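Protein sequence lines correspond, in order, to chains A and B.
The first sequence begins at 613 in my numbering and counts up by one.
The second sequence begins at 821 in my numbering and counts up by one.
Please note that the accuracy of each hint is not assured.
One-sided and incomplete, this derived list gives chain A residues near chain B with beta-carbon spacing under 8 Å [said to hold, decoys possible]:
#1 692
#2 696
#3 791
Keep in mind that the hints were calculated from the coordinates and are not lab data.
Owing to the predicted nature of the structure, the values given are computational and were not obtained by experimental measurement.
Note that CB positions come from ideal geometry on N, CA and C, so glycine has one too.
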Amino acid sequence: MNGNIEITGVTKTYGKTLVLDDVSVKIGPGVTGMLGPNGAGKTTLLRIMATVLAPDSGSVRFDDTTPTSPKALHDIRSNLGYAPQEPGFYPNFTVFDFIDYVAILKEMDDRRARHDEVRRVISLVGLDDVAHRAIRKLSGGMRRRTAVAQALLGSPSFLLLDEPTAGLDPEQRLRFRSLLSQRDDHQAVVLATHQTEDVTALCQNVVVVDQGKVGFNGTPVELASSAEGRVWVSKGADNTAVLTWMDGTGRHRHIGNPPPGAELVEPTLEDGYLLLMGRDSRVETEAVA
Amino acid sequence: MLFFVFVPGFMLAALLASVVWARRDHQLVAPAIGPIEVRNSFVGEGSLQGAAVAWRSLWPLVRVEAHRLVRHPASYLVVVPFLSLTLSEFQFSGIKEWNREDVSFVVYTAVPWAWGTLIASNLLTLRSRRWRSQELLATTPVPERSRTIAHLIATLAMLPGTALLLAAVFVAGNLSGKTIGSPRVTVLLSAPLLVVGGGCLGVAVARWLPRPIFGWVAVIATSVLQVNFYHADLRWRWLHFSIFSNDTKDYPTFSPLHHEAHLFYLLGGVLLVAAIALAGNGFSSRVVGLLAGALGLIVVSGFVQTRPIGNADAEVFAQRLEDPSLNQQCFERSTFTICADPVWADIVPHWSKPVEGVLARLSSQVIPAGLVVRQRPLIDVSHELPTSVAAKVDPAVVWPNDDEVSLSYEWGFPAAMEDSVAGEAQLSLGFRVASLVVGLPPDAWWSESSRGTADWLTVRLADSDTNQAVASPLSQCLAGTEGRAVVALWLAGQSTPAARGQLHSRAQSIQASKTLNSPVSFDWSWNYGGGFPDVLPEQGTVVNGSDVVGASALLQRDDASVAAMFQRHWAEIVAPAGQPITDKDVLGWFGLDTKQASAIVTKSTPKDHESDIGPRPAVFGTCLT
Chain A
613 MNGNIEITGV
623 TKTYGKTLVL
633 DDVSVKIGPG
643 VTGMLGPNGA
653 GKTTLLRIMA
663 TVLAPDSGSV
673 RFDDTTPTSP
683 KALHDIRSNL
693 GYAPQEPGFY
703 PNFTVFDFID
713 YVAILKEMDD
723 RRARHDEVRR
733 VISLVGLDDV
743 AHRAIRKLSG
753 GMRRRTAVAQ
763 ALLGSPSFLL
773 LDEPTAGLDP
783 EQRLRFRSLL
793 SQRDDHQAVV
803 LATHQTEDVT
813 ALCQNVVVVD
823 QGKVGFNGTP
833 VELASSAEGR
843 VWVSKGADNT
853 AVLTWMDGTG
863 RHRHIGNPPP
873 GAELVEPTLE
883 DGYLLLMGRD
893 SRVETEAVA
Chain B
821 MLFFVFVPGF
831 MLAALLASVV
841 WARRDHQLVA
851 PAIGPIEVRN
861 SFVGEGSLQG
871 AAVAWRSLWP
881 LVRVEAHRLV
891 RHPASYLVVV
901 PFLSLTLSEF
911 QFSGIKEWNR
921 EDVSFVVYTA
931 VPWAWGTLIA
941 SNLLTLRSRR
951 WRSQELLATT
961 PVPERSRTIA
971 HLIATLAMLP
981 GTALLLAAVF
991 VAGNLSGKTI
1001 GSPRVTVLLS
1011 APLLVVGGGC
1021 LGVAVARWLP
1031 RPIFGWVAVI
1041 ATSVLQVNFY
1051 HADLRWRWLH
1061 FSIFSNDTKD
1071 YPTFSPLHHE
1081 AHLFYLLGGV
1091 LLVAAIALAG
1101 NGFSSRVVGL
1111 LAGALGLIVV
1121 SGFVQTRPIG
1131 NADAEVFAQR
1141 LEDPSLNQQC
1151 FERSTFTICA
1161 DPVWADIVPH
1171 WSKPVEGVLA
1181 RLSSQVIPAG
1191 LVVRQRPLID
1201 VSHELPTSVA
1211 AKVDPAVVWP
1221 NDDEVSLSYE
1231 WGFPAAMEDS
1241 VAGEAQLSLG
1251 FRVASLVVGL
1261 PPDAWWSESS
1271 RGTADWLTVR
1281 LADSDTNQAV
1291 ASPLSQCLAG
1301 TEGRAVVALW
1311 LAGQSTPAAR
1321 GQLHSRAQSI
1331 QASKTLNSPV
1341 SFDWSWNYGG
1351 GFPDVLPEQG
1361 TVVNGSDVVG
1371 ASALLQRDDA
1381 SVAAMFQRHW
1391 AEIVAPAGQP
1401 ITDKDVLGWF
1411 GLDTKQASAI
1421 VTKSTPKDHE
1431 SDIGPRPAVF
1441 GTCLT
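Pulled out of the complex, with its shape left as it was, chain B reads as follows:
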């Protein structure tokens, strides 16, 4: 709401102010003299176009125009409201992950800056017309064509400002303490192209539609195009100026398509509007060549971005999905290894916290050798996977029932933050590491192998006889009332302060809602998945509400004594003979029963946040032993 009121309001006020400012000096506009002024042009005399000047003579003009452009208030007036809103985002909203939200930062900083540059360069190009100095300028050796070139080159002067803007947002974000990771260079590089493109568009509009109002029309037109291209079919989304369309829904680190081609598309766009601007002073072989070159660049880069994935590329894509280690960086810790895409390397230390917290409570003898925590790509309804790739992928290989703890590419960033969301994420990861330790599956898994067909992506709906994408049919282990579930939960809960708080919160919610016998899984899938009732790999093993309450009650005790008790009973916990030990058995070791555990949880300090514990549809598979 603030965005839709504040930004247009500010820009309208800026527009009115600029009109008042211009009218103030209206008396300086040269009056019309004689009938020639009816045409209001001294450059329409095509035969009087002078020869283009040498570059040597152009640079002083470029310097002057650059100086004027940088000092023009339009850019600042347009960017200020957007920048203030962007910076306020850090103050009032949650975590920002640079390497996933870099596109947004470009949109909210570089695009308004580009709009401002468009207005500024448009007004500066129209300067001679607005003040009717064309008559004087037409008598100088530098023709209008050369002045157009100078205006176009001068737009490069806005690049330091672009870098400063992005840097300011980055510094502000980092100072807020709510950001993680680093922006992608290829995304950031789109910013200077957008700004220069905006400036060149301002010049082009001035040369073809020489009224200041058309500069504002161009701003509105580009914003309308932005919105429509964003919502357009994937085939056309690449035409969007400020995003890498393939990054929004697909697999940026797995797709073999060359996303860098978008930069060439933007470069082609810049050259195209520059050529159109120059064509305003007449067509020449060079201008036509530039036009053709720009169009060629756009077409080629567009094709590269949208071309159907060939068989070889689909093989590579599928291979990367099935074996993410091909593109990962692994970090060795003393008791485990954590592997992530290089882009996420900065976040790895934050992910490590709950893992280390769990393993620190265990003796080296019980920690599985070669324990690996690895990023894996999600393959579910919220992700668009080309069918040619899907046919080559076995989902059971992408999300296997193995002894690695998996993090999806959607996971992880809140784990860095010490807040309630971090608690959920840390509890989730800690629980899955602990599950593996006690012999439970760490993740949900794809139970049916499927290769050679993309049918697994969709399901045929009986009522409409159409295929529709469905939530992934992942299997989970249901370990409710098992003693090892309580142990795993306790290990996860004590791993970090945020996880401890989160487990308490869960237990209290279960108490309040009297859902002790309902299944509970640990994830924060409300954060993604598009609202589909999907089972996510991160949900791992499903437990009962009573297990959560029991683990929470144990967390009220001294951690060392609880850990010592578990160590004494470890053989029973991980190797149940015949009948597995139950949660009641575990609580019994501490002289507690479920009722007493519930009482402990009820009396403990309440937490200030709610959590989602609703039952989920699930396909339960065999739990490991």
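This is chain A alone, in the form it adopts within the complex:
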């Protein structure tokens, strides 16, 4: 498969709650970051892409295949790697056993080849030393890497990662970025995250989901550019800004319509994202801080 996901008019409700509202987005090979506040619908959209949930309306196409028949589902899932926020580990399994179990569920029949693949992904996430340790004895970061490792099995065409760097220390986060940078060209990687740094560092595309809709779909540079001429710094707070906070230098950074004579600075992806989310500035300010 070529790593193309096309989402068209997807709507999903839970009871009376509209979670996704006519979402359409195309995702191609490369790393796509999915940003959005809590409750925006990122996880639901990811679950629909992972064929865990069926949309109420709309469709999802994986290259030329839509998950409308058992056979098609089988084919799609055979090319899918998914790391949910919480995989639900079996505490008595070792890291190796758990990933081997998932490998079996991915129809890796040949025992020797499967074990080689399991060792490969364990090595990729740097868990060689604890491969035969029970999962219950792992730290939170190690478990997260275990979750990522199982998703990497078989180098799937579609790799969906929900908050993959949450709980990782800086070194591991860099390692993770290095790992994703070694992906195959045909792979479509979707990264649902709150970490704008990860998106900046890794993603060729970014999709911002807010209140069940796609608020932005473009490159990180385009998202950052959306704040061009709207980010400035000053010594004091400026109440006219949509968002304002004090940075590490002791100066205040503002996003919004700059006052006359303001010192404009180069916007970042985070600035663009925050400007997009600016309507709920207090919450987002707290989240970023």
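Let chain A serve as the given structure and place chain B on it in line with the hints.
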């Protein structure tokens, strides 16, 4: 008492331990994320069920699940208390006859193992739900339906453990030296079906009632069903999981009903719960076919087990009862032949001991030519005989007044053991062989011929005007105070050490209870008969207490000299002209009278066991001469 305290206590402790164990890792349960978790299911999306995978892809999963199932502690926790109690049975209780108690061994080993397998397979099937990994697993190509199949097939991994358990019980029993015979293959084969059925039930419960507590509920439900089916009317007893209902009271080796059908019933049950488990992932034509096939198998096997005996089968049944030689294996000895059902073949050498002991004291000229010791089926109140069969049976043919020594199918196993029970059995058999030699009837017999009606099974009670099963109206020979009775008793007493001890014990009890003039018969009917005041064929000829005392006194003398004396007087013993010689005559040959004999018995070494010598109701027939 131990059973009802120890086993539930142990299982409760195991349950609490498993809860504590599970709670320890509770922090690893994936937290609820979003409103979808309210449903707690990622497989409810029927449209997202993937295609079943090929068998080739299923085997690795089966291997993993089998490995997990075998290593799961639940099976061992459940089976340990039952197994320890079973093994202690060998240490602290009496004789175990494998080919009659094999059902019990299956119940006490394979059934707990099956319960443990039920719990283990239930928890393993619920694993993804318990740790909330359904979301991840739902994205893999192997759908839940295929995982269900893997769990079902994985239960077969418990079969080696089943075989080991049964083997362990068998070896322990044999090492205890208190077992006889061999278990029946058809009964043992029920064990693997029970274990696999337990495992499949665990999977089915997990798919339909996905909470671990329901696994334990299933254990309790199956045990309740077990108990109720066992006590149910015979028509429904075949539904019992672990027994061959027809074997419990009827005639396993005579009935033409196919007991093997119970195995097909169990197989049908296994397939049924497997189909129910698969239906938990949705109905398909294959699942419906499996359900229908399983139900059909249960119905057909149930009918085969419980169908009314047809006329032809009843003929066969009756013929086998009247002529047990049709289904027997005979073992030729130098001076006699012993015939038994092939199942009892292992016990024949033990039966032979008292027979050989009696005949070894006799010259070949006085041993009846073609002496046969033969197993015969009991037909009495404790046995359920279909009336259609009873109408074709003449009880006088089943228990005839002939010159064969008969052993009922209830008899014999303690004869293998050198203990007090063996003494009673050996004395009984030895006495009946000796009775035949001296011209007394070896067995009690059915004196009234009856064919074409089943009335002989019951008697009408005057007070309630209802028919009720009664003890068999067997006739016995009363040979009290006859000299040949003393001779027969002496021959029996000297046949084996256990028989000698038993005769002494009897004599001392008679002395102590001052029942020298009361009738005495030799049997151990307290061991069966359901407490009915029944005369049993094995009781043979009835003697007087004084005869027992006299024989016991002679046993204090040198056996060879006593035997020589009897040889000299043999013609008088076996061919009394007019007035038969009396016990006083026999004692007189040794210069003894009854009083002196009593004194000898009183002074002899007391034995450490009591015996039942109570007078019995009896119909006395003509003694042979």
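Verification of the supplied hints:
Hint status for residue 692(A) relative to chain B: holds, with the closest Cβ pair at about 6 Å, below 8 Å. The closest approach between the C-beta of residue 696(A) and any C-beta of chain B is roughly 5 Å, which is under the 8 Å cut-off, so the hint is satisfied. Look at residue 791(A): its Cβ only gets to about 19 Å from chain B, farther than 8 Å, so that hint breaks.
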